[in-house]
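There are 2 protein chains.
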Amino acid sequence: MTFIERLKNSWEKKNSLVCVGLDTDLEKIPQHLKNLSKPVFEFNKAIIDATAEYISSIKANIPFYTAYGFMDELIETFQYIHESYPDMPVILDAKRNDIGNTAQMYAKEVFDIIGADAVTVNPYMGGDTLEPFTERVDKGVIVLCRTSNPGAKDLQDLIVNGKKVYQIVAEKVANEWNKNNNLLLVVGATYPGELKEIRDIVGNIPILLPGIGAQGGDVKAAMEVGLDSKKQGLIVHSARGIIYAGSDENFADAAAEETKKLRDEINKYR
Amino acid sequence: MTFIERLKNSWEKKNSLVCVGLDTDLEKIPQHLKNLSKPVFEFNKAIIDATAEYISSIKANIPFYTAYGFMDELIETFQYIHESYPDMPVILDAKRNDIGNTAQMYAKEVFDIIGADAVTVNPYMGGDTLEPFTERVDKGVIVLCRTSNPGAKDLQDLIVNGKKVYQIVAEKVANEWNKNNNLLLVVGATYPGELKEIRDIVGNIPILLPGIGAQGGDVKAAMEVGLDSKKQGLIVHSARGIIYAGSDENFADAAAEETKKLRDEINKYR
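For the protein sequence lines, the chains are A and B, in the order given.
Heads up, the first sequence is in the working numbering, so the first residue is 15 and it goes up one at a time.
Heads up, the second sequence is in the working numbering, so the first residue is 15 and it goes up one at a time.
Hints are not guaranteed to be accurate.
The list treats identical chains as interchangeable, and a pair is accepted whether it falls inside one copy or across any two copies.
[Said to hold, decoys possible] With a straight-line cut-off of 30 Å between C-alpha atoms, the simulated DSSO-like cross-links for lysine-lysine are:
#: 1; residue 1: Lys210; residue 2: Lys52
#: 2; residue 1: Lys193; residue 2: Lys274
#: 3; residue 1: Lys27; residue 2: Lys210
#: 4; residue 1: Lys210; residue 2: Lys178
#: 5; residue 1: Lys59; residue 2: Lys122
#: 6; residue 1: Lys178; residue 2: Lys48
#: 7; residue 1: Lys210; residue 2: Lys167
#: 8; residue 1: Lys48; residue 2: Lys27
#: 9; residue 1: Lys27; residue 2: Lys177
#: 10; residue 1: Lys177; residue 2: Lys210
#: 11; residue 1: Lys282; residue 2: Lys59
#: 12; residue 1: Lys167; residue 2: Lys274
Simulated from the structure, these hints should not be mistaken for lab results.
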C-alpha cells in the first residue's frame, strides 16, 4: 500500500483526522523523565500510546531531535510506531530540497535511515528536485504550498499573471509534478481563505494542515473550506497544544484528553 | 570577526576564491580507505590538508553524511578544520528553513551541534523564517536565489510586475532582510545572465557560486559578470570535480592539482 492509501484507511478506521506532532523539546518535557537514559524516546512513547486511539497519523519535526543530538531517539521513536502501530502513517517534517544527486541523499536520509513514510519538501528549487523523493512511489511527498507564518506573504503571495505563487505551486502539484500520485501539500490553518482556494485547485489531494492550536488556527473555519469531497482530506496537525497539555506525571493523560477533544471538535464539522 | 569578515580576509590572504565541496560519498571514495574505522573523516582530512593552500573556504553538504549515518564524521571534520585551519570559513550546505520555533532548532543544529560558520537557507517561507539564523550575527546565512538546476525556472523565473522571483529575492536580501549584514546568496554558475542581474542588484554582497565543473558552469563567463567591485565577492564552489579527481592512493594529490588549476583559472579573469 502507498502512503496515501494507508492514510485514507487510517482516516476511515480511526474516524479521526488528527495528526499528533512530536515537536519534542528536552527543555519542555516533564521533570521526572529527564533523568531517564532516553528521555525524549520515553516521552514520545508515552504520548503515542496515550493518543494512538484518537489519531490517524503522527508527525515528528526533525530539528527538535538534531538540535540536541537525539537522532537515535527519533529513529527509535519511528521504529516503535512501525512495530506497535503498523497501520499508523508516520510523517517526517524536514522541509528538505536540493538538486538531483543531493536530493537523492536526502531521500535516503528520511526514508531509509529515519524510516519515515512521508516527508515535507520545499518547492523553491523546482519540480526536478522533487523527483528523487517522488520516485519512491510508496512514500508520501508533502510540498510546502502556503505556510502559516506572517512572512509567508513575502514570496508565496506574489502575483504572477493574476495568480499567487502558492496557487501556481498548487496547480503544479495537481497537474504537473504528481506523476506517481504520491504528492500532498502543506497549507497553514491560519489562512482559511487560501485553504479554500487551494482545495478548489487540487481536488482530493490530501493537505497537511499545521497551525491549529498554538498558532491560532480555527478548527471550524478550516473544516468548512478544507475538507475534500469525502469529508476527509486533511491531516490536522497539532503539536504543542497536545504534547505539552500537562507538565507533570499525568502529561500523557492530559495529551490524550486534548487529542480526543480536538478529534471530536473536528468531527463536529465533518 | 563575523563570517563575512573572515571570508574576505581569507580571499585576500589566500588569493583564491575556491571553495572545496566535501560531498563525500562512501561509495565513491578510494577502496583503500573503506576499511578504516572512519573512512569519511579520513577522506575529508586528506582532501582538506592537500587543498588548504589553494582554497579560501570549505563547504560540506549535510545529506551526504546523514544518508549513511555519518553525522559524527561530519562534526569531526568541522572540528578538524577549526583546529588545524582556524582562519578557514566553514559552510554547511543544508538548505534549511521553517517557521520561528522550528527554525530556532535548525539554527542550533547547524551552528551549535555541527559547528558551521555559515549555512544555506531556503527563502520560500519568507523573511521572518530567516531571523532565527540571522540573529546569530557572527554567522553567515546564505539564501538560495537562482539555483543551477533546470527546474529552477519553475518558481524562480516566474514574473511578478516585470521582475523575476529570483530578482525579488535578491532585492529583499539587499534591502530588507539583511539587518545584521550577515546575508549572502546562492546563484548557480550555469546561468551567467542571471548572475549578472543579481550582482547588479546586490552590490558587494558575497555570492556562493555552485555549478562550476561537474554541472557545466563556465569559469570565464561567471567571472566576467559575477565578481564584485573589488574583484572578489564569489565563493566558487567545486565538489565532484576536485574530490574525485583521482580514485586511487594518490587521490589527495590529484585533488590538490585540480584545485590549484581551478584557482589559477579563476585568477586569470580577475
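Against the structure, the hints:
In the homo-oligomer, the alpha carbons of lysine 210 and lysine 52 never lie at most 30 Å apart, since the shortest distance is 42 Å inside one protomer and 52 Å across protomers. Taking the closest pair of Cα atoms, lysine 193 and lysine 274 never come within 30 Å of each other, the shortest separation being 36 Å inside a single copy and 44 Å across copies. When the C-alpha separation of lysine 27 and lysine 210 is checked against a cutoff of 30 Å, the pair qualifies only within one copy, where the shortest distance is 26 Å, while the shortest distance between copies is 56 Å. In the homo-oligomer, the alpha carbons of lysine 210 and lysine 178 lie at most 30 Å apart both inside one protomer (14 Å) and across protomers (27 Å), since each shortest distance falls under that limit.
Both within a single protomer and between protomers do lysine 59 and lysine 122 lie at most 30 Å apart by alpha-carbon distance, with minima of 25 Å and 25 Å respectively. Taking the shortest Cα distances, lysine 178 and lysine 48 never come within 30 Å of each other, neither inside one copy (46 Å) nor across copies (50 Å). In this assembly of identical chains, lysine 210 and lysine 167 lie within 30 Å of each other by CA distance both inside one copy and across copies; the values are 17 Å within and 27 Å between. With identical chains, the CA atoms of lysine 48 and lysine 27 are never at most 30 Å apart, being 35 Å at best within one copy and 48 Å at best between copies.
For the identical chains of this complex, lysine 27 and lysine 177 are neighbours neither inside a copy (38 Å) nor across copies (49 Å), given an alpha-carbon limit of 30 Å. Proximity of lysine 177 and lysine 210 under a CA criterion of 30 Å is satisfied in both settings, with 15 Å inside one chain copy and 28 Å between copies. Only within a single protomer do lysine 282 and lysine 59 lie at most 30 Å apart by alpha-carbon distance; the minimum there is 29 Å, versus 60 Å between protomers. For the identical chains of this complex, lysine 167 and lysine 274 are neighbours neither inside a copy (33 Å) nor across copies (45 Å), given an alpha-carbon limit of 30 Å.
Comparing the model with each numbered hint stated earlier shows that hints 1, 2, 6, 8, 9 and 12 do not hold.
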